[in-house]
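Let the hints inform the model, and build the full structure from the sequences given.
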Amino acid sequence: MTTKVQSAALAVLSVVTLCVAIALPWILNSNYYLQLFVLAGINIILALGLNIVLGFAGLLALAHAGLFGIGAYASALLVMRTGISFWIALPASAAIAALFGALIGICSLRLRGHYLSIATAGFGIIIYQVFLNWISLTNGAAALGDIPPPNPIVLPGLGSITFETRISMYFLILAATVLSAVVCARIRHSRIGDALLSIREDEVAAEVMGVPVFRYKLLAFVLSAVFAGVAGSLYAHYTRIIAPEMFHLFETVTSLLMVVSGGLGSIPGVIVTSIFFTLAPEVMRELQDYRMLSYGALLVIIMIFLPEGLAGAVRQAWRRVAYLFERSKVRHGTA
Amino acid sequence: MALLEVAGVTKRFGGLTAVSGVSFSVNEGEILGMIGPNGAGKSTLFNLISGVYPASEGELRLDGRRINGLRPSALCALGIARTFQKIRIFKQLPVWKNVAIGRHCRTRAGLVASVLRPSWVGREEREVREKALGLLDFVGLSRSAEDQARNLSHGEQRLLEIARALATDPRILLLDEPAAGLSTMDSSALMAMVGRIRKQGTSVIIIEHDMEVVMGLSDRLIVLNYGQKIFEGTPGAAQRDAQVIAAYLGTEVA
Chain S
1 MTTKVQSAAL
11 AVLSVVTLCV
21 AIALPWILNS
31 NYYLQLFVLA
41 GINIILALGL
51 NIVLGFAGLL
61 ALAHAGLFGI
71 GAYASALLVM
81 RTGISFWIAL
91 PASAAIAALF
101 GALIGICSLR
111 LRGHYLSIAT
121 AGFGIIIYQV
131 FLNWISLTNG
141 AAALGDIPPP
151 NPIVLPGLGS
161 ITFETRISMY
171 FLILAATVLS
181 AVVCARIRHS
191 RIGDALLSIR
201 EDEVAAEVMG
211 VPVFRYKLLA
221 FVLSAVFAGV
231 AGSLYAHYTR
241 IIAPEMFHLF
251 ETVTSLLMVV
261 SGGLGSIPGV
271 IVTSIFFTLA
281 PEVMRELQDY
291 RMLSYGALLV
301 IIMIFLPEGL
311 AGAVRQAWRR
321 VAYLFERSKV
331 RHGTA
Chain V
1 MALLEVAGVT
11 KRFGGLTAVS
21 GVSFSVNEGE
31 ILGMIGPNGA
41 GKSTLFNLIS
51 GVYPASEGEL
61 RLDGRRINGL
71 RPSALCALGI
81 ARTFQKIRIF
91 KQLPVWKNVA
101 IGRHCRTRAG
111 LVASVLRPSW
121 VGREEREVRE
131 KALGLLDFVG
141 LSRSAEDQAR
151 NLSHGEQRLL
161 EIARALATDP
171 RILLLDEPAA
181 GLSTMDSSAL
191 MAMVGRIRKQ
201 GTSVIIIEHD
211 MEVVMGLSDR
221 LIVLNYGQKI
231 FEGTPGAAQR
241 DAQVIAAYLG
251 TEVA
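Protein chains in written order, with our numbering: chain S, 1 to 335; chain V, 1 to 254.
There's no promise every hint is true.
Said to hold, decoys possible - Covered stretches of chain S, as calculated for chain V (at least 3 residues, CB under 8 Å):
id: 1; stretch: 180-194
id: 2; stretch: 198-205
id: 3; stretch: 208-219
Honestly, the hints are just simulated from the structure, not real lab data. In this text, a Cβ means the ideal position worked out from N, Cα and C, and glycines have one as well.
This is how it looks when you write it as structure tokens:
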């Protein structure tokens, strides 16, 4: 009963959010704020990817920003060096990121818990160092610029859609974000999602009950890398300039904060906190120097007071409301 | 031919030999009781049969086919299911989902199907849910189907483990102390349930300290002590066997 009401409420909320998102360019009427929402979309896709590996499968993998960077550099370089279309480079860069995700998984999934985190963080740092030092390929710290925007989509008889303007990029990334969220939700509520959650809950029991644990962990790594790769490709062709610092371990921590504070495994929670953590630093400009410090402090506060994140807090509030509702019904019934 | 054969199986952990040259077999539809003092190697033997540990020596056969070295998930697909002495349920998932995960090896929706959701995926999911609810009914937990598994009592969690194991359509079910933490009334209900499981053609190996349960249920009994099999036979004969009595009660000082 309550679950039905909950899912109906969630459906209504999703539709309203989508309508607001579509109207947003006209509501904001400001290129500056619109740009923040474009970045929020990219952050959502990134965080949804990390959510698969961390929220579903319970693996604290810390190479995420590196995989994001691989998507970005792969896409930019494919388009700039080989001249292929962005629309081919986008899936290709997702596939390249997936390949690296699989490679990192195969090497590090023998380890568990903290050791897995340390190993994957190591891979993240290696990737960052390669971006920084393979100058002939990435241009190093001097940044890789002049990345072209996505190629126009030609609609026969209707002209073409170009991606020169911020608003058109906004809609492209909105579409990608919505698609990512739908894919993520479908995985979450499928047999595969259940298998991943069972691994998070108890690895030994999952394996004994017929879930091939290693294969599913690897799948989680690959899926999360695909999301990171897509986010990277969109990011590169949106900002048109990429530099190694954007793919530093610190960016993984930012995604981590979004996933943990959203509530591990909760897709709506992760979306809300990703938007929040993209906008908040801009709105509170004066605190810019303390960003890292405040993120750390926030993570500690969340772990103490809201261990289940935003989604957990909402669930708890919902239960409380449902309880009060039931109680008042009983009271009126007996009176 | 025996369904499961354990032939001269040994398991060493470093210098400790937990199971030493144990052989026995289980026939189709048979209930085999396994008893022995604490540390006799009973649970280790379960871990060997279900593939959690590899055997150091000896051979395990299912339907005459060698199954040494297979992953637990592969063994589960072949029809070996088990419960755990120290309960291992998926605490933060709903009770019915715990059982549904047991259906994993019998369902087939892959990544692409899960994302695109053709109509057969929905059908498969409905079948899984129905089967899970049916099994919860079988073990008497249908009222708690939507609750979080961690909210179940200790005894209920043991029953949930049985339902989850049954969801895999096992040919042989390994029960590791299923009556631990159950009241006398609950344990007689458990005995009836195990009897019904066997009637459906599933073989059962049961480790149990509650003698009433294990003597009442078992067709045959094996007794382990210090990793070795010291007795195999009917429950009645076990009660008269000098070595078994010595293992449980100690020998008289001469």
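Right, here's what the structure says about each hint:
no.	hint	verdict
1	180-194	holds (count 8)
2	198-205	holds (count 5)
3	208-219	holds (count 7)
In summary, the structure agrees with every hint in the numbered list given earlier.
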